[in-house]
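> Fit chains V and Y to the supplied structure of chain W, relying on the hints for placement.
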Amino acid sequence: MPTNDITLTVNGERHDLSLDTRTSLLDALRERLDLTGAKKGCDHGQCGACTVLLDGRRVNSCLVLAVAHDGAEITTIEGLAEPDGELHPLQTAFVEHDAFQCGYCTPGQICSAVGMLAEAAAGWPSVVTEDLVADATDPAALSDGEIRERMSGNLCRCGAYAHIVPAIADVAGRR
Amino acid sequence: MRPFAYERAEEAAGAIATLTDGAPGAMYLGGGTNLVDLMKLGVAAPDLLVDVSHLPHDRVEQLPDGGLRIGAAVLNSTLAADRTVRERYPVLSQALLAGASGQLRNLATVGGNLLQRTRCAYFMDVSKPCNKRVPGSGCPAREGDHRNHAIIGHSEACVATHPSDMAVALVALGATVEVRGAAGARTIPLPGLHRLPGDAPERDTVLDPGDLITAVVLPPSAPGAVSRYRKIRDRASYAFAVVSIAALLELDEDGAVREARIAFGGLAHAPWRALVAEEELRGLPATAESFGRAADAELAQARPLRDNGFKVPLARNLTVRTLGELAAQAERRSGR
Amino acid sequence: MSAVGSLAIGTPTDRVEGREKVTGAARYAFEQLPGDHAYAWLVQSEIASGEILSLDASPALAQEGVVAVAWAGNAPRVAEVDDRELSVLQSRTISYRGQIVAVVVAESLETAREAAAHVRIDYEVRDHEVVLDEHDPAIYDPGTVNAGYPSESVQGDVARALARADAAVDVTYRTPAFHNNAMEPHATVALWDGDDLTLYDSNQGASTVRDTLAQVFELEPEQVRVISPHVGGGFGSKGTPRPHVVVAALAARMTGRPVKLAITRQQMFAFTGYRTPTIQRLRLGASGDGQLTAIVHEALQQSSRLREFTEQTAVATRMMYAAPNRRTAHRLARLDVPTPSWMRAPGEAPGMYALESALDELAVELAIDPVELRIRNEPPLDPERGIPFSSRGLVACLRLGAERFGWAERDPTPGVRREGDWLVGTGVAASTYPAYRSPATATARAEGDGSFVVRIAASDIGTGGRTTLTLIAADALDQPAARVTVEIGDSALPRAGLAGGSMGTASWGTAVTLACRALVERIEALGGHVPADGLEAHADSSDEVRATDQGYSRHAYGAQFAEVRVDAVTGEARVSRLLGIFAAGRIINPTTARSQFLGGMTMGLSMALLEESVMDREFGDYLNHDLAGYHVASHADVGELEADWIEELDDHLNPMGSKGIGEIGIVGTAAAIGNAVFHATGRRVRELPLRLDRLLAT
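Residue numbers (the numbering used here), protein chains in the order written: chain W, 9 to 183; chain V, 35 to 370; chain Y, 7 to 704.
Source of the hints: derived by calculation from the structure; they are not laboratory data. These numbers come from a predicted model, not from an experiment. One should not assume that every hint holds.
Just so you have them, the derived chain V footprint on chain Y, three or more residues with Cβ under 8 Å [as the list claims (entries may be wrong)]:
1. 571–581
2. 613–623
3. 638–648
Cβ coordinates follow ideal geometry from the N, Cα and C atoms, glycine included.
The shape of chain W in the complex, shown without the other chains:
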């Protein structure tokens, strides 16, 4: 079956891979690189558990064909903490707010929140933004409603939403 040779830089580490063209980025991470932090919840872009940062943007890695991203830089949940083990502020906030239960959607929620806060800092609006023209450059100004809408691509069946939103708001600097 067709295979392609590609290079992925994951969490700063370069990997040369020969992949079946059908391999999703998610399966490449989990089954080839043994980076199992990104989760498979639906495999169809319907839950967000597989969210990683691809060239800096949050994406559903289950719908990404790995061979289409030769040379890409990827950050997964395993790459968010400092090399010395100090957690990313969002990771700390999730623990402190008990913003997860089973933990299966959690890596996706956290990676998504990292991407989402960067989008807000870049001034991107959401569908609940009242004034589309004014830049929302200050993540600290995100209301609960804004955070909820922007995070809605990450489902949590345990129902930790009520704790995830304040965890993100804390890191955004609102409180």
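Leaving out everything else, chains V and Y in the frame of chain W:
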């Protein structure tokens, strides 16, 4: 998923030649959010993917006439956040932001969004008949579950709806799609890209094999026009539309409707341009009564199925409310 | 047994595995790479009823990288057990669409998936009946329902009481099928070493999976090891092994390779269970002053041809309110449908939705405040069993909740509050869930360095169980929690029951307490000295559980208050505010307890507004079988949400004085929301979910 070869297209002509000449199993790959989904389900089974997401169609350009040219490879998220789009075409920004999720918008391209396929559950399940997937096999949705299927413009063969939010806004904006194919470049004014199902529901669009969408061109925005997109869905976010509306409204000095442009999502096999309502509204006072009359005129064509008749009053109510909001906005803007 | 002390218990404590979960280090079942493993993909029946005439595996086997195809024609025989779903690949008979009929094993996931599409099957097709219908002549009385309750209960003369009532309601409520949809799809990695089987498996109880698989493969339990340190949710659907676990082990045995098998989200709608749809008729009669004189609750449900599974939908009605005349009954229709199973608060969730909605209708009839109506019908004893409650905090929850929610200012008139296009209303409903306990074993070990290790085959599916047991052990040992490590999630640990029925903490905590106390005694017997190679004690709670768990009616209670907004233009309903107050005995870890309550309420909100599995009448499967078609609540659906509890001391439960809290949060939520929708709009919708087309004012 069937094994396939993957090629990254470096220039459009080569990609088009590949798909046009003797590669019947080849497909273009954009962001992949719909195609990879369908390949996993077996609904799409290309043997060659030609990746067009790296072609230089990734820019949003101002045009001399005041319009905007949007490359087909521009990401949905980039376009939604584009300053010019937000200022002059808010209906488009809102439609994009109402679609999918932040993660999917970071993958999906403008060209791919236009070409995404219906989410009809029968279409998505290869173990069941579907005329769109297997012509002539039948349409179980007609007698089966069709709560979220078409009420207008459907056929015996197919009652599916088009899932895009963005396309609805582009139709209301009167956008033009730029296409390159074997015979060269051509333009398709919307809503001319998407077909009604008729007896060939397997064809979503008028494109021929090998045709590549390279850009979408927006006409200049009328200075006095206001616009917005409103989407009704079962879940508060991350769900396809039950009914949506993209509307532009321009009032004259007396507060009457100079021009209204209206398109619906969730009602038909294609984004539905409400030409009857638009014509009805011209010159009428911008009141709820006028808006209701126009909606009724448009929806008189509706032929709901057993379980989706509710979409008729829903679309009517949504029209009256959205146009009412726009009229108030236009009044505020004109300082009356 | 006297209560344990409480230094650690009651202290808000972060999850002990929190760091692992937020860094991606926590490994779930599928996340093993044994090295020489192969991947399995399941093939499902495309008919709802009939027989496999023939199966041609050759097109699949012809695919490069395919190792094996197994089906009823070539799979090794396994022993029959009670759950006939586990007799998988043993018969050519098809009982429902989506049933597992074959498995493909291949070198890669991609190849396995593709090859599965090339297995050719010819069927003899029989007609199917898949829609629950109250006029189905084959409806019958199953005699008993789940948890061993009789299907019927009768007291007094309800017909006479209803005829004489000052006010009465006779209403039918319908709930659709719901699917558990834990975020982690069921998955198993199976490895054989001779006749010893190891399973990395996603489940709610490793001991249960081990014992069942040992029976299926006719092995001694010690020959099977089930390892499940982290489980991505279950909500009942992982309570007992589902057929794919057997398939994974069969495939590994046939191929002589470790086999990884993860089922797809779509497959979760076929063979991992769901909550049955229900049709429930409620008849309530009352005197003019709001004293209930009659309660009748009749529930119709479905099960598959394979298994009689009868949810205990009307059982909570037997003890909720006082009334001299009462009747409850369950009826079942066996259809060509997937087998229903447990889903969070099985019985209570749909049953209390109907009861608490009907009670609201009665309150309207009587023009009595719905909080007050419930308080007036508080029973002094369990009304059908005639025994005392171990504790019953319903009235306290209602009163505290009403105060916190601002209930006193509520105008009961429906359909009169409007903010812009939003119609606003509020509603209340009661919650309840039984406090069960089951026997378990545990060991407690003191190490020479002053640390302690407690071992028990308990399960943390997101409940916080690992953390809670740490606190319980710390108090029983009289040690700081930081010195105690709890090992769970492995059937090689002392045997324990599953995380289900909200009885995990009560059951495991009892055994852990006994083991820790025994250890303390051993240490004291050595003059307080722990030898360098450590000291260990073992406990089995069977005797204690058998000796104590009688004589009282044990339940947790709660009151849920909802504020709902319904868009008058579009019919969209949104829950802007939800408050739950619970009485659930002693709260061991306030941090994880709050999350449990809020999580249950969120799932209840989702049940009320969004969720339904749509049966495809023509083809016989659940049509909307993915997370785009089956809507579970997203971030944007959840507004202001608050859960709290009252102090409740109950000496008749267990050493901790705790009641289970994993399920009560979902009970009553949908009723509170539906009652609020009525208050907002004046429309009583008696069918879930409260979709916009049901609320659209045309």
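> Against this structure, judge whether each hint is valid.
Here is how each hint holds up against the structure:
1. 571–581: holds (count 5)
2. 613–623: holds (count 4)
3. 638–648: holds (count 5)
Hint violations for this structure: none, all hints satisfied.
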